[in-house]
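Undergrad: Given the coordinates of chain X, work out where chain H should sit on it, guided by the hints.
Below, each chain spelled out in residue letters.
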Amino acid sequence: MGANTTAEQKNPYTPFLNASSYRMVDWHYNSSETKSIADLDRLAKDVIGAPDFNPADVKFFNAATELKRMDDYLDEPGFSEADGWKERSVKLRLPADGKRHASEDHAPAFEVSGVWVRDLTQLVISACEDRSALNLHTVPFELKFKASEDGEPEDVISELYNSQAMNSDYREVLTKSAELGCELEPGILALQFWSDATTLANFGTAALWPIYLYFANLSKYIRGKPTSFSGQHLAYIPSVSGHYCETMAYLMRIPD
Amino acid sequence: LPATIQDIYQSIFGKAATAAVLTHLKRELLHAIWDLIIDERFMDAYKNGIVVKFFDGILRRIFPRFYTYSADYPEK
Numbered sequence: 001m002g003a004n005t006t007a008e009q010k011n012p013y014t015p016f017l018n019a020s021s022y023r024m025v026d027w028h029y030n031s032s033e034t035k036s037i038a039d040l041d042r043l044a045k046d047v048i049g050a051p052d053f054n055p056a057d058v059k060f061f062n063a064a065t066e067l068k069r070m071d072d073y074l075d076e077p078g079f080s081e082a083d084g085w086k087e088r089s090v091k092l093r094l095p096a097d098g099k100r101h102a103s104e105d106h107a108p109a110f111e112v113s114g115v116w117v118r119d120l121t122q123l124v125i126s127a128c129e130d131r132s133a134l135n136l137h138t139v140p141f142e143l144k145f146k147a148s149e150d151g152e153p154e155d156v157i158s159e160l161y162n163s164q165a166m167n168s169d170y171r172e173v174l175t176k177s178a179e180l181g182c183e184l185e186p187g188i189l190a191l192q193f194w195s196d197a198t199t200l201a202n203f204g205t206a207a208l209w210p211i212y213l214y215f216a217n218l219s220k221y222i223r224g225k226p227t228s229f230s231g232q233h234l235a236y237i238p239s240v241s242g243h244y245c246e247t248m249a250y251l252m253r254i255p256d
Numbered sequence: 001l002p003a004t005i006q007d008i009y010q011s012i013f014g015k016a017a018t019a020a021v022l023t024h025l026k027r028e029l030l031h032a033i034w035d036l037i038i039d040e041r042f043m044d045a046y047k048n049g050i051v052v053k054f055f056d057g058i059l060r061r062i063f064p065r066f067y068t069y070s071a072d073y074p075e076k
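Top line first, the protein sequences correspond to chains X and H.
Residue numbers 1 to 256, in this note's numbering, belong to the letters of the first sequence in order.
Residue numbers 1 to 76, in this note's numbering, belong to the letters of the second sequence in order.
Only chain X is shown next, with the shape it has when bound in the complex (with noise of 0.2 Å):
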């Protein structure tokens, strides 16, 4: 992993080495398995009209060495070091009834590898630094709705970027700017956090445990959209199998 980082970097169509293998590969796998008319259609369409479909490019197209690129990245680990991952480990103390140690640096330790975790401050630069950042609101403001003409304005709850909480923090940072001699506009950068076991599949005990979060500076309707992409994967803990899984790997003597 790591390897061919700058190679991702340049070509967006990785493992395959051109769009115009990507989308010939993608046409074999994307159709019916009896090939259709509305395929042929999408062949002509998509992938001969495509504009960066070049002839060249599949001269010496190989199918075998084409899926063969794909299986071999399915293979490698799905976390990048060019999206910020690194693997870490931590160690816990673990403690006993009847047992004391001088501290707990004393008790005895159970290391736990495979620890993904990414560099928040890299993602929220990362986050700045997007096209999508147009769409930030990275100062707060206030919202208020009167009833009738002679009404007292009321807070209209709906964005973060319109709450109390985030314009009083506006204000603080707002001071300590000031007092760093900041002449840049000061904003906020909003993080919301998630963390809950999700079951890969509905048979055995693929399970991930995640850490994820989203920048409540982007409006609901935007962020709500799964197309907007705009969640950010923090960490992966390791292995979430509950109490029962544990246990009866303990006592059936399963090796790991």
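Keep in mind that a hint or two might mislead.
[To be verified] Dumping the calculated DSBU-like pairs for lysine-lysine here, alpha-carbon to alpha-carbon at most 30 Å:
id, chain 1, residue 1, chain 2, residue 2
1, X, LYS220, H, LYS53
2, X, LYS176, H, LYS15
3, H, LYS47, X, LYS220
4, H, LYS15, X, LYS91
5, X, LYS86, H, LYS53
6, X, LYS91, H, LYS47
7, H, LYS15, X, LYS99
8, X, LYS68, X, LYS91
Quick caveat, the hints were computed from the structure, so don't treat them as lab data.
TA: What follows is chain H alone, placed relative to chain X:
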């Protein structure tokens, strides 16, 4: 928590880890991971902000702030 925990616990203490111990360890694991995430660089960005050139070409001093954290019970 990797399933090897029971074997290792058994070899150290000569008895199986109780449900309470496993619950405790899962909680510890989650805290240890947050400790990795909130590193010194992030703490500096939190206190003093971090200057970033946005996509629109404008430099801003950005302060990351936490608003919500919604999670399952960490011991589960």
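Undergrad: Taking each numbered hint in turn, which are not upheld by the structure, reported in ascending numerical order?
TA: Violated hints (numbers, rising): 2 and 8; every other hint is consistent with the structure.
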